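Colleague: Next come the chains, spelled out residue by residue.
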Amino acid sequence: MKKLCSLFVLVALVISVGTLSATPGWKPTKTIELVAPANPGGGWDMLCRVVQKTLVDEKLVEKNVIVVNKPGGGGAVGWKYLEGKKGQGEFLAATSTLLMLNNLLGSSDLTYKNFNPIAMLQAEWIAVAVKADSPHKGINDLLTAIKANPSAVPIGVGPTLGNNDHLVFLSLAKNFGIDPKTIKFIVYPGAGGEIVPAVLGDHVKATVIGLGEVLEQHRAGKMRVLGITADKELEFLPGVKTFKNQGIDLIFPHWRGLIAAPGLKPEQIAYWDDVFSKMVETKTWKDQISKLGWTNFYQSSSVHTKYLTEQTEVFNDLLTTVGLKK
Amino acid sequence: MQEIFANLALGFETAFTLTNIIWVFIGGVLGTIIGMLPGLGPATGVAILIPITFGMNPATALITMCAVYYGAMFGGSRASIMINTPGDAASIVSCFDGYPMTKQGRAGAALAISAIASFIGGMIGMIFLIFLTQPIANAALKFGPAEMFSLMMFALVATISLSEGSILKGIIAITFGLMLSTIGLDALTGITRFTYGIRSLEDSIDFLVIIIGVYAITEVYKNFRDLDTVYNLDAKSIGKVAITKQEFKQSIGPMLRATPLGFFVGVLPGMGATIATFMDYAMEKSISKHPEKFGKGAIEGLAGPESANNACSCGAMVPLLTLGIPGSGTTAVMLGALTLIGVRPGPLLFAQHPDIAWGVIASMLLGNIILILINLPMAIPLVQLLRIPNRLMLPSVFGLAILGTYFLNYSSFDFILVMITAILGFLFSKIDLPIPPMVLALILGGTTEQTFRNSMVLSDGSLSILFQKPLSAVFLVLAAVSLLYALIKRRKKAA
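First to last, the sequence lines map onto chains A and B. Basically the working numbering = 1-based index in the first sequence + 14. Basically the working numbering = 1-based index in the second sequence + 604.
So that you can see chain A by itself, here it is in the shape it has in the complex (with noise of 0.2 Å):
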């Protein structure tokens, strides 16, 4: 009951928040408000919900902290919201690759410099896997498979063509020598939900996919994981290769992160870097992201602004080969 009340308060909070101006040594003085651009559920509300948690039970900030989901046009209804909200340091919004892909795909207008990007926080890794009684063991028995008969190694991927998993395993054809466009992708809407049980149901030869989403169905022995996109052989997941240890050169972080809102002063910056350099060495948030399968990838802001000016480039080049980008 208790913890019922405390969300009323949260609630009421929220809806009374005033306006600020920032001074010098900057704080919150208001409800911190971490914008989820997407429904309750999935990786960015995570992102903010884990973030959450760890700010308020490890007390790194005095004021309260709350998730707001704005779902809808891939990200852009959050992160416009969250461009509307100039100079306020207390809204952040959870980001990915997704803020570069939209935009160089022509959906959004929106990139990294419409903000002041704050942290990349986590990374989770992307996989490539099986049915359990798949004959191919490994990335390289797939990719000579699909060399050999393109038409008869459909690949499930979803929710959108496009997206990191597609990027992925384009690059990993790419490598090994396949033209891009014979691959058949079948595209899953419902993205995991529906991509395992086609892996399963033997719809779907082989798929690319976020770890996290075939990691129990690997353990369970039903599925098998031929590669992840990792720099090196995951603690939690001893036996499987990285793709750079089968001889591909590809390590691919599908990184979250968090940006602030346009116009910020440095001391606001600032603060956040001390408070999120705090919060990713804390028990409590390594207990969390280690149970959803994430891997701890700080960057700071000034690291991370470089990184995506890096990204934005590697991704232009890799959609303009196969052919998405227009």
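Keep in mind the hints are simulated off the structure, nothing from the lab. In this text the structure is predicted, and so the values were computed from the model without any measurement. By construction, the Cβ of each residue, glycine as well, lies at the ideal position given by its N, Cα and C atoms. No incorrect hints appear here.
So, partial list: chain A residues that the calculated Cβ filter (under 8 Å) puts toward chain B:
no. : residue
1   : 55
2   : 63
3   : 121
4   : 165
5   : 173
6   : 175
7   : 198
8   : 201
9   : 204
10  : 206
11  : 207
12  : 215
13  : 230
14  : 236
15  : 305
16  : 306
Once you've looked at the hints, dock chain B against the given chain A.
Modeller: Relative to the frame of chain A, chain B by itself:
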């Protein structure tokens, strides 16, 4: 078999602690209220709970979330029946006959049968969940793109029977719905279609917005002329929340038929309660001896879908508990919350955490009983709302509908959309174009197209895949038969 009972005993042991029973109660009440409010569905309800579940042990957390889920399933149809505004997508069908019943002064009976049907659907669904989880999960895996497409075709053809009068009008309505469903981003190519540069249309049209428009707001327009009406109801009949023996007899068949259908649709990936309720309604109407009464307050048309709805939410637990993959939006949220507290449902859940898996199943049995005990008495104050005259009622309905629209996507563009569709709905009713087939086509359109295109990619463009897969062929034959049947029946009537 013995193992199942031993497990169930373990489940009851976990579920029947005082804390858990209290949480089932709180969750059930919260869920019912959330379900009643248009725009707020079970997924939102469960999401609200996430911060509270942080401090719970995993079994209690899952039990509470399930209680909210079922509560919303019970509550969803209240607003459909009372004010023709679906509380969530799964209770659209409850408008078809529930609201006409209210207009005839049978709101009490409608509310009672909806609670009873929900209870029966939920209880039998639970029994399926206990005994048939594994075989049904395996059967669902057989559904690939081709099978799904043929199932969709069957559902679409079956809705033609939903249309009153001419089959041509039904086909026009379906075509219109299918056209609406193509608006927005195409997942297979990433290209936007028919958006005419309007950014808000890229996410495609949310069918719930259309539904609030064509049902709730259209109803406001229709009643606008007589603002002082209080439905002209007999005051005595309003307050009675009970059904007659005759009504129960009429409803029991539909309820028992709806449960297995709803359950199985719930298990299928990418299907949901909305589709289950529509399919059941179409099925009941086509096998009924007096199909002309459907849409005019037939109690069968309310009882069946209500059972299907709750059985479907049991079915949606199957992929969650056996494969660790969500069968619906709500179970997706539950999966996320569970992961945060350290349990990852998956193929190993029953083996590694039998207390949790079976505790939840046991608590759902308990939850169903608690929910019917909450819902039947709650209907009594609810029906009193009908005493409010139109001049107060219509603005409230309008306000609720607008609020619900905003809650869906937090998009102001949806206000424009909802008003346009309301006018459209009004025009449809003036020229006797049936609305249900259009709504169903809009809901199924996306999946139908995706599964067809995926089938074509798989077969390298050959239509033969639809007939080579036995299950797919069966559904196509069923579709053809039901179309022929509808044609013949109408010809006979005309003759």
